[in-house]
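Letter 98 of the sequence shown, counting from 1, is numbered 98 in the numbering used here, and no numbers are missing.
Just so you know, these hints were derived from the structure itself, not from any lab.
Remember, it's a predicted structure, so these values are computed and weren't measured experimentally.
There could be a bad hint or two in this list.
[Claimed, not checked] Calculated lysine to aspartate or glutamate pairs in the DMTMM-like style (CA-CA distance at most 20 Å, straight line):
{"hint": "1", "residue 1": "Lys79", "residue 2": "Asp31"}
{"hint": "2", "residue 1": "Lys27", "residue 2": "Glu17"}
{"hint": "3", "residue 1": "Lys79", "residue 2": "Glu59"}
{"hint": "4", "residue 1": "Lys27", "residue 2": "Asp91"}
{"hint": "5", "residue 1": "Lys79", "residue 2": "Asp50"}
{"hint": "6", "residue 1": "Lys79", "residue 2": "Glu44"}
[Claimed, not checked] Here are the simulated distance ranges between beta carbons:
{"hint": "7", "residue 1": "Pro95", "residue 2": "Val6", "range": "24 to 32 Å"}
{"hint": "8", "residue 1": "Ser15", "residue 2": "Gly81", "range": "37 to 45 Å"}
{"hint": "9", "residue 1": "Asp31", "residue 2": "Ala11", "range": "32 to 40 Å"}
{"hint": "10", "residue 1": "Pro3", "residue 2": "Ser60", "range": "49 to 57 Å"}
{"hint": "11", "residue 1": "Ala30", "residue 2": "Ala76", "range": "19 to 27 Å"}
{"hint": "12", "residue 1": "Val19", "residue 2": "Ala84", "range": "26 to 34 Å"}
{"hint": "13", "residue 1": "Val9", "residue 2": "Arg87", "range": "32 to 40 Å"}
{"hint": "14", "residue 1": "His2", "residue 2": "Ser60", "range": "53 to 61 Å"}
{"hint": "15", "residue 1": "Arg70", "residue 2": "Ala11", "range": "32 to 40 Å"}
{"hint": "16", "residue 1": "Ser15", "residue 2": "Asn58", "range": "38 to 46 Å"}
{"hint": "17", "residue 1": "Thr23", "residue 2": "Glu59", "range": "26 to 34 Å"}
{"hint": "18", "residue 1": "Arg43", "residue 2": "His64", "range": "17 to 25 Å"}
{"hint": "19", "residue 1": "His2", "residue 2": "Pro95", "range": "30 to 38 Å"}
{"hint": "20", "residue 1": "Ser61", "residue 2": "Pro3", "range": "47 to 55 Å"}
All residues carry an ideal CB built from backbone N, CA and C; glycine is no exception.
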Amino acid sequence: MHPDAVARVQAALPSPEAVEAATERLKLLADPTRYRVLSALAREELCVCDLAAIAGVNESSMSHQLRLLRAHGLVAFRKEGRMAYYRLASDTVRPLLSPSLLKG
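Go ahead and model the full structure; you've got the sequences and the hints to work with.
So this is what it looks like as structure tokens:
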């Protein structure tokens, strides 16, 4: 074993809490519907009904998916009358949606 190398790497690693938060966000991306939603929102802000049509699900299912994404800080929304428009909460999620991930 190389104690100095182990100590350097351990000091540079994120906290267990940060790792847990990151893995929870990555689990959200493992769902095809949520991945599609985030990919769509990477292109433009969309309402629930548009996202439901894009993902091929009903609006109730889409609202549930969006609540999960919002709870983990991946999407944000704004209200305009009775309509809610969603967008990516930050650009930090964009690299996870890279087209290179879709290549087999």
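ask   = Does the Cβ-Cβ separation between Val9 and Arg87 fall within 32 to 40 Å?
value = Given about 36 Å between the Cβ atoms, the range holds.
inquiry  = Just to be sure I understand the hint, the distance between the Cβ atoms of Asp31 and Ala11 should be within 32 to 40 Å; is that true here?
reply    = holds (34 Å)
task = Check the following: the C-beta atoms of Ser61 and Pro3 are separated by a distance inside 47 to 55 Å.
result = Cβ of Ser61 to Cβ of Pro3: about 52 Å, so the range 47 to 55 Å holds.
query = Has the hinted range 17 to 25 Å been met by the Cβ atoms of Arg43 and His64?
reply = holds (22 Å)
task = Given the hint that Lys27 pairs with Glu17, test it: the Cα-Cα distance must not exceed 20 Å.
result = Holds: Lys27 and Glu17 sit about 15 Å apart, inside 20 Å.
ask   = Between His2 and Ser60, does the C-beta distance stay in 53 to 61 Å?
value = holds (55 Å)
query = Has the given pair, Lys79 with Asp31, been kept, meaning a C-alpha gap of at most 20 Å?
reply = Answer violated: Lys79 to Asp31 is near 26 Å, above 20 Å.
task = With a cut-off of 20 Å on the C-alpha distance, tell me whether Lys79 and Glu44 pass.
result = Holds - the C-alpha atoms of Glu44 and Lys79 are around 16 Å apart, at most 20 Å.
query = Are Ala30 and Ala76 spaced within 19 to 27 Å by their CB atoms?
reply = holds (21 Å)
query = Using the C-beta atoms of Arg70 and Ala11, is the stated range 32 to 40 Å upheld?
reply = Given a distance of about 34 Å, which is inside 32 to 40 Å, the answer is holds.
query = Range hint 30 to 38 Å: satisfied by the CB atoms of His2 and Pro95?
reply = Once the Cβ atoms are compared, 31 Å apart, the range 30 to 38 Å for Pro95 and His2 holds.
CB-CB spacing for Gly81 and Ser15 relative to the 37 to 45 Å hint = holds (42 Å)
Of the numbered hints listed earlier, the single one contradicted by the structure is hint 1.
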